[in-house]
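From the two separate chains plus the hints, produce the assembled complex.
Residue numbers (this note's numbering), protein chains in the order written: chain A, 159 to 650; chain B, 2 to 82.
These aren't lab readings, by the way, just hints derived from the structure by calculation.
Note that the Cβ used here is the ideal one computed from N, Cα and C, for glycine as well.
Hints are supplied without guarantee of correctness; some may be wrong.
Claimed, not checked - Pairwise CB distance ranges, derived in the manner of DEER restraints:
1. Val78/B - Glu466/A: 47 to 57 angstroms
2. Arg274/A - Asp20/B: 53 to 63 angstroms
3. Thr598/A - Gln33/B: 28 to 38 angstroms
4. Leu626/A - Val78/B: 48 to 58 angstroms
5. Val650/A - Met61/B: 36 to 46 angstroms
6. Glu599/A - Asn22/B: 16 to 26 angstroms
7. Ile23/B - Val570/A: 19 to 29 angstroms
8. Lys82/B - Phe243/A: 40 to 50 angstroms
9. Glu466/A - Ile23/B: 48 to 58 angstroms
Unchecked claim - Reference excerpt, derived from the structure (chain B facing chain A, CB under 7 angstroms, subset only):
10. Ser17
11. Thr32
12. Glu59
As the list claims (entries may be wrong) - In silico SDA-like links for lysine to any residue, alpha-carbon gap of 20 angstroms or less:
13. Lys242/A - Gln33/B
14. Lys242/A - Ile23/B
15. Lys242/A - Ser17/B
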Amino acid sequence: MRIDAYITEYARKTPQQIALEEGKNSISYSFLNEDIDAIASSVGDFGHCRFAILAESGIQYIKILMAVYRSANIAIPLPIEFPKFSLEQILDNAHVNNIIATEAQYSRYGEDFFGRFGTVLLVSNDSSVKTLRKNRVNEVNNPDLRLVLYTSGTTGTPKGVMLSDRNLVANAESIIEVLGISSGDKGALVISPHHAFGNSIIDSHLMAGGAVRIGNMNFMESTFSLVESGVSIFYGVPSTYRILLRYPERFKRAFENVRTAASAGGGMDALTVKEIKELSPGIEILPMYGQTEATARLAYLPSEDVGEFVDTIGRPIPGVMLDVFDDDNRQVGPNIRGELVARGENILLGYLDDEIATEKKLINGWMHTGDLAQKLPNGYFSLLGRKDDLIKIGDHRVNPREIEKHIENNTVVSRVFVVPVSHELMGTAISLMVIPKEGTEIDTLFSFCRKNLPGYLCPREILFIDHLPLSENGKISNRSIIGEYQNVKNSV
Amino acid sequence: MEHIKNDILDYLKDSSFMDANIGLKDNDSLTQNGIMDSIGLLELMDYICEQYSIEIPEDMLTPENFDSLQGITDLIVKLAK
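Bound-form chain B, shown alone (with noise of 0.2 angstroms):
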């Protein structure tokens, strides 16, 4: 579970999508917090089901499956058993 998020928060890093030295709780929103907007979500979706072989179906895209760490990587446990 932690390396899943550490993943997903290497991966927002050295894609420059937020600053290394910025800090992000597990639940803040990434689309509010101007981390993440509706083209970059695609990029990460893509990363995902790349990184980690999973198909995300489409009834899955919330905000709460898809705006925070937490939510995302509760969402690759998920879809990866």
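Chain A on its own, in the form it takes in the complex (with noise of 0.2 angstroms):
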């Protein structure tokens, strides 16, 4: 079954139930089925054809999404948190001829964007779709694509991870059991819709013929009363909890009939965690782990145990086994390091049109996610770093080398290094070592990271180094980055 067929079947059983809700619109399922048909039917003659969806986070983001799906076409959302060149290498890379965006999207980013694409379909506040242009570019392989999600794009090269109606159907079951979602819970959306981490709110609180009520982390006392708008189940990364707690008493006030707060995207730490539950004792905590890979969720902390573990992923959800495996893809025991793995129906089809990758990441059947991890005598899993060089900046996945590559071959520079450091908020922000050369300046450096990287990517210093962050064997890692900048610190 597709995703959008359960909106289908509420809005037939309980039609004048409300689906979503935004500022101070709502939309019931029967309506929001009749405009995800309306949408559908404007693209009606495409096929399993891949289309890039450019909306801002709301109501209409999700009925062109569901519409996507409807019309039996593949969705292709587009990060528009992400700058201007980012969505462009994940166009390239997409090989995307049809996108559906909005009026308010079109006219941001400008016919010049537009010119890449043969079709190109408008969808105005009132779910009306202007087509501008059509020009039919069937999909000829992966006949189980549905949905196809963008990982560690922000610089270098975007990975899209290819899902099927399969993945995103297990996935939300699964998360609907973890969580006891039901038609009466209302989930806070505050997060980015177009990750896979908004996207399971979305799927699981609809397929429970629940509601979903959508607003964004930007102005505190507009998220604080949308949490006080009847949401049971809240959802956020660490740092969005951070950002929450700044403010206690709001915290306390806007939290008081919230049933769950989950997290996923970030290890939780002790810290917040305790403020939580000093500001509301009776709130459950579900700290959630996984992947984009795989769909959304892989693993879960029962909420009895977030006092004790809460440094571990703990147990798998339902539908998923985990495991841990050695370099020769072996299994191994407890209390042994290796790398976490994990089979069930919500592991990617594969990344599109890349076979290598796919390859490395999926063996005999297993996922491999790159964590380095180790099982627990009681059956829970611990993460012990990575086994590649990525990183958690604000609680997003990206990859170093990209970044300092990326700056490195825009800015008058010699060598970029980027270095993970502990942040309030955030969690781990960047700064940046620079080997300089001539004409090297630190407000341009600055000024390129602020406009073309991401807010949470922006450096929170700059400094000059004069030699290349070596280990002793003689190599360039995270790790030996941060030790010289350790070093650097501690001679100022």
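This is the structure we're talking about:
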């Protein structure tokens, strides 16, 4: 079954039930279903074609996404918080000929941006569709493909994670079970809907026949009011909670009637858990772990164990198997370090147009997460860093080597090194160490980063160094870079 | 009033949130025009609190007060009294 088919079912069974809310607007299952039909009919002559979606977070985005599903096409949501050039990199990678955009995004990005598309459809606020041009290009491969979510696409090589209807439904079913989501629940969507976490909130609540309230994290009072509007399950990355907890009294009032505070996207820390518990003693805190490649979720930490096991990822969600393998893909026992691997119906089909990356990710039916881990005697798993160089910055997975290359290639500088540094709200932010050359200016580097990287990647500081941050065996790694950074700081 | 507005505008330009040559109208949305994201807004808030020696109560953190040059200017004038 496709996700949008659940909406049709609820439109029949509980037509008046509210499905989506945004600001002063809300829409029932019945009207949502009609609007999806209307948008889907305008792409009825397409079938199994790739459609980029360029829409701000909101009811309109969800209608368009579901309409692409309903017309049996393939959705490629564009993360609009990324700078334009990142979106263009994603589009280059996705070989996509068709785009559906909201009118707001069309006027923001301008005709130049849309020049590359053979098909351009604009959806207005009343869900009517204007066809600017049409040129059908069918997808020949990937018969089960329904959704492509981009991961680590900020700089460098974006990777499109291919997901099927079965992936989406299976993961939503697991999440519904773990969180006990019912038609009476209202979930808060204040993070981006264009990535795996936000997408899973939409899918699981609509599949349960409940409601999603859509907002953002830009203006705190608006966010707190959103929570107070009857939200029963709040979702955030750890930094979402840290930002809200800056206002403890307001947090306490807003979260009084929230049943569950769920997190994903990064490890929840003990201090944040403690602060939430103190302000909302009755709330169930539910940290979850996952990857885009697993549609969204892989594991969760049962609420009763949050106190004792907050530094673990807990146990697999229903329908998922987790294990730890050594370098020869053999299972290892408890307390032995290896790579966390996963299988289940939520595991990706592969990476879009990238068989080599797919072969490395999926080996004998097991998805290799790239996370180092060990099994604990009680069946829980704890994470021990990454197998590759990827790091979490502001709860986003990024490749520091690609950020470095991107800055080196576009500014006057000899070498750039990204240093993860702790940050009060984001958890981890970045600083840069730079080997300058003639003409290197700190202001210009800052300015470049601000304009060309999302906010969480704007460096906290830029330090000049005069030699490569090599390890003892002459290599450059996150570890050697952090070591050099500490040397520089200590000598100041 | 006008000097506060110009000061905020200078901050946005100097910190490279926006290009110096881009025209921003007083009531244009900072978030919807891609000038500010949630992390950028936190930085802007810190700047304003320090620059004008004010504290912004959380119930004033709304789009009306914080999503445009005019809103921010009015907010500062109100709080700096």
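Now for the hints, and whether the structure bears them out:
1. For the pair Val78/B and Glu466/A, the supplied restraint of 47 to 57 angstroms holds, since their beta-carbon distance comes to about 51 angstroms.
2. Checking the proposed 53 to 63 angstroms range against Arg274/A and Asp20/B shows it is violated: the Cβ atoms sit about 24 angstroms from each other.
3. A C-beta distance of roughly 35 angstroms is found between Thr598/A and Gln33/B, which places it inside the suggested range of 28 to 38 angstroms.
4. At roughly 51 angstroms, the beta carbons of Leu626/A and Val78/B sit within the given window of 48 to 58 angstroms.
5. Between Val650/A and Met61/B the C-beta distance comes to about 38 angstroms, which sits within the given range of 36 to 46 angstroms.
6. Checked against the given bound of 16 to 26 angstroms, the beta carbons of Glu599/A and Asn22/B, roughly 19 angstroms apart, stay inside it.
7. Between Ile23/B and Val570/A the beta carbons are some 23 angstroms apart, a value that agrees with the proposed interval 19 to 29 angstroms.
8. At roughly 44 angstroms, the beta carbons of Lys82/B and Phe243/A sit within the given window of 40 to 50 angstroms.
9. Here the CB-CB span from Glu466/A to Ile23/B is close to 52 angstroms, well matched to the stated 48 to 58 angstroms.
10. For the restraint placing Ser17/B at the interface with chain A, the shortest Cβ-Cβ distance is roughly 4 angstroms, inside the 7 angstroms limit, so the hint holds.
11. Evaluation of the Thr32/B hint against chain A yields a held restraint, the C-beta minimum of about 5 angstroms falling below 7 angstroms.
12. Of the supplied interface hints, the one on Glu59/B holds, with its beta-carbon coming within about 4 angstroms of a beta-carbon of chain A, less than 7 angstroms.
13. For the suggested pair Lys242/A and Gln33/B, the alpha carbons sit about 14 angstroms apart, so the restraint of at most 20 angstroms is met.
14. A threshold of 20 angstroms between alpha carbons decides the hint, and for Lys242/A with Ile23/B the separation of about 16 angstroms falls inside it, so the pair holds.
15. At roughly 16 angstroms between alpha-carbon atoms, Lys242/A and Ser17/B fall within 20 angstroms of each other, so this suggested pair holds.
When each numbered hint is compared with the structure, a violation occurs for hint 2 only.
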